[in-house]
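Trainee: Please model the complete structure; the sequences and the hints are all you need to start from.
Positions in the first sequence are counted from 1; adding 59 to them yields the working numbering.
Think of the hints as simulated: they come from the structure by calculation, not from any bench.
The list that follows gives simulated cross-link-like pairs (lysine to aspartate or glutamate, DMTMM-like), each with its CA atoms no further than 25 Å apart:
| no. | residue 1 | residue 2 |
| --- | --- | --- |
| 1 | 391 | 311 |
| 2 | 67 | 172 |
| 3 | 449 | 396 |
| 4 | 270 | 420 |
| 5 | 374 | 405 |
| 6 | 325 | 356 |
| 7 | 229 | 508 |
| 8 | 348 | 302 |
| 9 | 143 | 170 |
| 10 | 143 | 174 |
| 11 | 312 | 302 |
| 12 | 103 | 114 |
| 13 | 205 | 324 |
| 14 | 103 | 159 |
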Amino acid sequence: MSKRIYIKDLKNFVGQEVLINGWVDVRRDQGKLVFIDMRDMTGKVQCVVLPNHTEAIEQAKEVRTEWVLSIKGLVNKRPDKNIKEDILNGDIELEILDIEVLNKSETIPFEIDKDTRNISEDVRLKYRYVDLRSDRMQKNVRNRHKVIKFIRDFLDKEDFIEIETPLLTKSTPEGSRDYVVPARLYPGNFYALPQSPQQYKQLLMTAGMEKYFQIARCMRDEDTRGDRQPEFTQLDLEMSFVDKEDVMDVNEKLMIELVQKIYPEKKIQQIPFPRMTFKEAMEKYNSDKPDLRENKEDPNLLAFCWVVDFPFFEKTEEGSWTFTHNPFSKPKDEHMEWLLNKEKIEDILTTQYDLALNGFEIGGGSIRNHSPEALEKVFEIMGHKMENIKKNFDHMLEAFSLGTPPHGGIAWGLDRLMMVLQNEPNIREVITFAKTGEGKDLMMNSPAEISKEQLDELNISLNKK
RNA sequence: GCGGUCGUAGCUCAAUUUGGUUAGAGCACUCCCCUGUCACGGGAGAGGCUGCCGGUUCAAGUCCGGUCGACCGCGCCA
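Mentor: See below:
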């Protein structure tokens, strides 16, 4: 097989015989003349069989939409009257000499040349591999790669290193509901999948890594929304020896450069990003993630906004205290005294900073509470008895007593960011294999029952429904 | 867990206010015609358990109850 040429590069091969591989996008059979629009990951091109190639005509009449072909052909300049200015390869076409069918395709379950967002989503999710062939979904996936690549390169230059943290970890009582995994070797015991790498990344600061990041998958067993999935991706980062301004600065710079580099058509409404307190945001916009866009119809307008000075604690329905954002956050310096004395609890503000974009919360972080005494107070206020603190957070308190530097960080919701950048109405459009609102994968048919043998091996017996 | 919207051909939809002949259309699909199309065009054809179960009625896609599923939102989501 000779070397395959990408469709986007065909313009460099005018007058030459080449080989292209791809899918049949559209076929137009005109009897003596057959046109086949071919598509690969780089673009599309019109291929034509001329009447004098009798064998190729027969082959071309056989092929159908979405068949996978390898075509040998001659790259020709189009006659002037047939030039299409506005499309890729509108000035050339491939004269087909020979077609090899690499794979046939049954009629696809829905057409991908129109906006597939108009197709029932359960059908799209069942045949996701077909849906992903559409131009729009290809762009969403490929731009997501570009964004992640940019983030990795940017943070690498800023001396961050990417570190993986465990997926099989431990359930903690606070926070979201955990997905759990039975531990075969320890009947009755379970791992939990991480809701975020929060504790690990803080312990990496104890470990002297100083600047960490991770494109981290997180799992939360809660009901979904248009901007929430059971598993999602965070850009998680943490830095040592920093204050709030340091973390916000590097993230703001990253976000601005990312938009300018990868989305040059987009305009950031205000630089530096405006900041407001939680109190202001609630009073003026009745939201802790205000949409500050001056023109909400403009698809290329990005209005970032930092929200700061959140209350540390709030009352639960039962009347006890719980944290609003993150139990590991440090209170503002001037409120540390209140925390240590457990007084004026409702007035304690945290170092928490959230980043809002066009009305979505796309990031949140804080300076952490690296003093074991102060962290103990947080748990005491929330009513954890000393034994429970010891049991669940002993490793954190111990680490903080063994030389943990002051540190802070942030986590971005990467899916939400991509949703906004790609002008998509929900998060599923930027997640390749998304789940339904009921947490099902319609393509894989998960979740699913497991065999009696598997259950036995895990020492699990099921209650009757 | 709760509320709302929806479910008719492979896909997108129609079948009206008020239950009434054989459930229609566009796209896709199959076959035929077509030498410059590019969402080609023209002709013919096939394709339906109206999500599922039950009820009301002489008669149900249509009304009622239940159920399943998708989406949106609330609760929930450090």
